[in-house]
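Make a model of the complete structure from these sequences and hints.
So the sequence lines, in the order shown, correspond to chains A and B. Quick note on this note's numbering: the first sequence kicks off at 1 and runs consecutively. Quick note on this note's numbering: the second sequence kicks off at 1001 and runs consecutively.
Heads up, a few of these hints could be off.
Unchecked claim - Pairwise CB distance ranges, derived in the manner of DEER restraints:
hint : chain 1 : residue 1 : chain 2 : residue 2 : range
1    : A       : A90       : B       : V1182     : 36 to 42 Å
2    : A       : K73       : B       : E1240     : 15 to 21 Å
3    : A       : E6        : B       : F1110     : 48 to 54 Å
4    : A       : K125      : B       : G1209     : 19 to 25 Å
5    : B       : S1003     : A       : R206      : 38 to 44 Å
6    : A       : S131      : B       : Y1015     : 24 to 30 Å
7    : A       : S131      : B       : L1197     : 25 to 31 Å
8    : B       : E1160     : A       : R206      : 46 to 52 Å
9    : B       : Y1015     : A       : K282      : 57 to 63 Å
10   : B       : F1140     : A       : G15       : 44 to 50 Å
Since the hints were derived computationally from the structure, they do not count as laboratory data. Positions of the beta carbon are idealized from the N, C-alpha and C atoms, including for glycine.
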Amino acid sequence: MESIIEVRNLDKSYGKTQVLFDLNLDVKNGECLGVVGGNGAGKTTLLECIEGIRAWQKGDILIDGLTIENDSKHLRKILGVQLQSSSLPAEIKVKEAVELFAVEHNVRVDERLYDELDVRLLLDKQYGKLSTGQKRRLHLLLAVLHDPKILILDEPTAGLDVNSKHLLYTKINELKEKGKTILLTSHDMYEVENLCDRVVFIDKGRISKELSEESLQDRDRHVIAISSQKNSLSKVDTMYARLIEEKDGVLFFECSNISACLKEFLEHLAAQDDEITDVYLKKKTVEEELTKMMRGEEQ
Amino acid sequence: MKSLKALLVNLKTYYLMTFRNTFLVIAHYLLPVLFYLMFSVVFVGINEENKKTIIMSMTAFGLAMNSYIGLPGSVVRYAIGDIKRAYIAGGIKLWHVFVCAAISNMVHCFVTSMVILFTAKPLFGAVMPESMGWYFLALFISIVLSTLMGVVIGMFSKTEGVATIISQATFLPSLFLSGTMVPIEFLPKILQTISDLIPLKHTYILLQGYDQRSLIFSLGFIVGLLVLLVIRYRFIIRRE
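As structure tokens, this is what we get:
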């Protein structure tokens, strides 16, 4: 799949503080790429450089083969942007904002969007009187109303209630199915795991790790923490699990086929006349990867 | 054509928004009319001769109130911060917004001026302008000039707070050095000289009748302010 966004050797500083270091990133056409990292890692800055809101000191950004310096007019048509921190005049009504953004893009609003994003009942409300969730939904509507090829969403569900989140997930999934390229940041790892095809981790302005589509699909991986009376599992020769840690009599196994793995353990325990004293099972998540990275465990 | 349509929708939206903002309604309509009524009673009460200039002085006051106090605050929010970023990211041309703010303010100024023009005679026995043709031309120039002043204050301010301070710092000296409140001849020589740099002084003079010097000053100010706006606009829309 060819790249639709190419970031090459990007350096960005605010005054004397450098926040992005020789950063390279490719976003493939039609994929949903998640950018995750701790606070201040440089996620928003990276997105804002791509959106053409921030200037950078060194490097290149190509979007659909075009640069923001020379082709900003065309890029505004193919980019849909939801900023992390965004606002409209408090007195503008929702329907006026929609009309304003639509007329600037020279498009007619697809009224189904009002229902899909639950905005129809807000049309006569002033922006200043909307709740956080309502504002987020409106901003997503404004980002997609011109049917952009690429969507950039900076923490789209931050501060939203469960219902609003689900509305947004449904919409984002629908856009994915339509083949739109989506670049999103989030602190919600459940969101990243379930929406994204690929995830990159940013740490201190650098891409420090990438989870490919394959490894994200391999999210059946579980960690089993298990302890038994005779601790016989420490010597088990298993086909389906890999012992990753032993701590205070508890064995931590990583396994990809949970059913086969548990069956194997139970057979081994029965053969050794051993009994489980405690067992804990959990999925390996992107959150774990991120936490590890932030603690520097990967090194 | 597409750009004109976008500009018209922007203008309609901007104008309607003014009436949903209490501060702007007060600054654009309520205060200018209220002060006009109050000052006219006082000025005409002090000296009957003021009937000759009450329309011009109160119109100049109304323009300053509208443009220096009401306009900058609503311009600055598009020149900085989250609204500006949202508009740029959404593909909205910021110059549309600034042009709409200016046109909208010009409408407010014109409405206020007409209220003064057509009520001053029946209410206070004011003398109407000698030449209505010249009066309207001078009014147009004055409205453009005061509006540009307001837009410049808004676009050059870094926060709404700064805009308010600059607005006040422009409005009050303008009133006292323009001759609308105190005759220029009563001011010390040095202030009389400085007053030439006050656009409102030339507005007041032009509204009273043709004056080549004030016309040149006013047109000069307009050109200078336009140049400043273009320079500042390029700075505002640059990537941060």
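Here's how the hints hold up against the structure:
1. Judged by the Cβ atoms, the range 36 to 42 Å given for A90 (chain A) and V1182 (chain B) holds: they are separated by roughly 39 Å.
2. For K73 (chain A) paired with E1240 (chain B), a C-beta distance near 19 Å keeps the hint of 15 to 21 Å intact.
3. Taking 48 to 54 Å as the suggested C-beta distance range, the pair E6 (chain A) and F1110 (chain B) conforms, at roughly 52 Å.
4. Roughly 51 Å separates the CB atoms of K125 (chain A) and G1209 (chain B), a value that falls outside the hinted 19 to 25 Å.
5. Between S1003 (chain B) and R206 (chain A) the Cβ separation comes to about 42 Å, which falls inside the hinted range of 38 to 44 Å.
6. With their beta carbons about 27 Å apart, S131 (chain A) and Y1015 (chain B) fall inside the hinted range of 24 to 30 Å.
7. Taking 25 to 31 Å as the suggested C-beta distance range, the pair S131 (chain A) and L1197 (chain B) does not conform, at roughly 49 Å.
8. Range check, E1160 (chain B) to R206 (chain A): Cβ separation about 38 Å, and the 46 to 52 Å hint is violated.
9. The beta-carbon spacing between Y1015 (chain B) and K282 (chain A), approximately 59 Å, falls within the hinted interval of 57 to 63 Å.
10. Between F1140 (chain B) and G15 (chain A) the CB atoms are about 46 Å apart, so this pair conforms to the stated range of 44 to 50 Å.
Violated hints, listed in ascending order, are 4, 7 and 8; each of the other numbered hints is respected by the structure.
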